[in-house]
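Q: Now for the letters of each chain:
There are 2 protein chains.
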Amino acid sequence: MGLTKSEIFTDQQNEISNIAKVFGHPARVAILQHIFKSNTCICGDLVEEIGLAQPTISQHLKELKKVGLIKGNIEGTSVCYCIDEENWSNMKTIISDFINQDINEQNNCC
Amino acid sequence: MGLTKSEIFTDQQNEISNIAKVFGHPARVAILQHIFKSNTCICGDLVEEIGLAQPTISQHLKELKKVGLIKGNIEGTSVCYCIDEENWSNMKTIISDFINQDINEQNNCC
DNA sequence: TATATTAATCGTAATATTGCAATATAATAA
DNA sequence: TTATTATATTGCAATATTACGATTAATATA
Chain A
1 MGLTKSEIFT
11 DQQNEISNIA
21 KVFGHPARVA
31 ILQHIFKSNT
41 CICGDLVEEI
51 GLAQPTISQH
61 LKELKKVGLI
71 KGNIEGTSVC
81 YCIDEENWSN
91 MKTIISDFIN
101 QDINEQNNCC
Chain B
1 MGLTKSEIFT
11 DQQNEISNIA
21 KVFGHPARVA
31 ILQHIFKSNT
41 CICGDLVEEI
51 GLAQPTISQH
61 LKELKKVGLI
71 KGNIEGTSVC
81 YCIDEENWSN
91 MKTIISDFIN
101 QDINEQNNCC
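Residue numbers (the UniProt record's numbering), protein chains in the order written: chain A, 1 to 110; chain B, 1 to 110.
No lab work stands behind these hints, which were simulated from the structure alone. Hints should not be assumed to be uniformly reliable.
Note: identical chains are not told apart, hence a pair may lie in one copy or across any two.
Taking lysine-lysine and the DSS-like style, the derived pairs with C-alpha atoms no more than 27 Å apart in a straight line are [claimed, not checked]:
id, residue 1, residue 2
1, Lys5, Lys62
2, Lys5, Lys71
3, Lys37, Lys5
4, Lys37, Lys92
5, Lys71, Lys37
Keep in mind it's a predicted model, so treat the numbers as computed, not measured.
Modelling step: build the complete structure from the supplied sequences, incorporating the hints.
A: If you want it as C-alpha cells, here you go:
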C-alpha cells in the first residue's frame, strides 16, 4: 500500500489535507516565511538562505506552485517567486474554517 | 535520503510543519471533523464511519494523539476520543500566525 | 473461568517523500 | 557563437507513510 485512499473522502477533506501536506515540510514553511519577510522577491537566495541543495529547493518550490500558493516570474536568467495572493486568501479561508471549528463542550468524554 | 533535515530549521518552522503534517492526510481530517460534529465522543465508530480498517484508524489516532490534538479515555472495552482543547487552542495560534502573515504589496514581482 | 468485544501493536507490502549529483534548459553577456 | 549564470529535470538511494492481516491486551459478560 502506501497509497492514500482519496476516493473515500470528501473533496473538502482532500483539499484541506493537500494544502496541509505542503505546509508539512519545514523547508516549504521556511520558503514561504522568507518570501513574506524579504523585500526583494527572491529566487536562488533561498538555496544559501536555507541550506539545502539547489535541486531540493527547486523541488519544494514546484510543490508550492502546484497547490498555487506561489507563482514565479522569469527575470533574466533568474526566477522571482511571490505569493499568489488570491490563492493564499482562499487557503486561509479553508484552513481557518477547519481549525476554528467550535468544540462541543457538552460532550467531552475525557 | 528521505530524511527531513530538521536541524537546519527553526523550532517554529519544525513546529508548524509537524502540525501541518498531521493535517496532511484526509483520514485524520475526517477523524477530527467527526469528533467535532459528533455528540457522542466516538471510538470505533470511526472505522465504519470512515471506511478504513481498524488498525489503520488506530494508527491515525495515534498520530493525532502524538501531536496532542486529541486525547483518549478508556470506557470499558472501548476508548473514547476527544479534542485536547488546550493543545488545539495552541495549535490555532501557531497556524493562524503563519497563514495570516501580511503580504508585502510593495514588492510583488509577479 | 471461558468467551466476546474493542482497541493497540506487530509485521509487512506498496507507495511516497526527501535530498542530491549529474545533466539539461533557458536567458543573458562577451 | 560561445561562455556564463540561474533554474529545472532526471535518476536514484535512503527513509517515511499508508494500509491491512494477524495477533495481542484489556475489559466486560455469560
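Q: State for each hint whether it applies.
A: Against the structure, the hints come out as follows:
no.	hint	verdict
1	Lys5 - Lys62	both (24 Å within a copy, 19 Å between copies)
2	Lys5 - Lys71	between (29 Å within a copy, 25 Å between copies)
3	Lys37 - Lys5	between (37 Å within a copy, 22 Å between copies)
4	Lys37 - Lys92	both (18 Å within a copy, 22 Å between copies)
5	Lys71 - Lys37	within (16 Å within a copy, 36 Å between copies)
In summary, the structure agrees with every hint in the numbered list given earlier.
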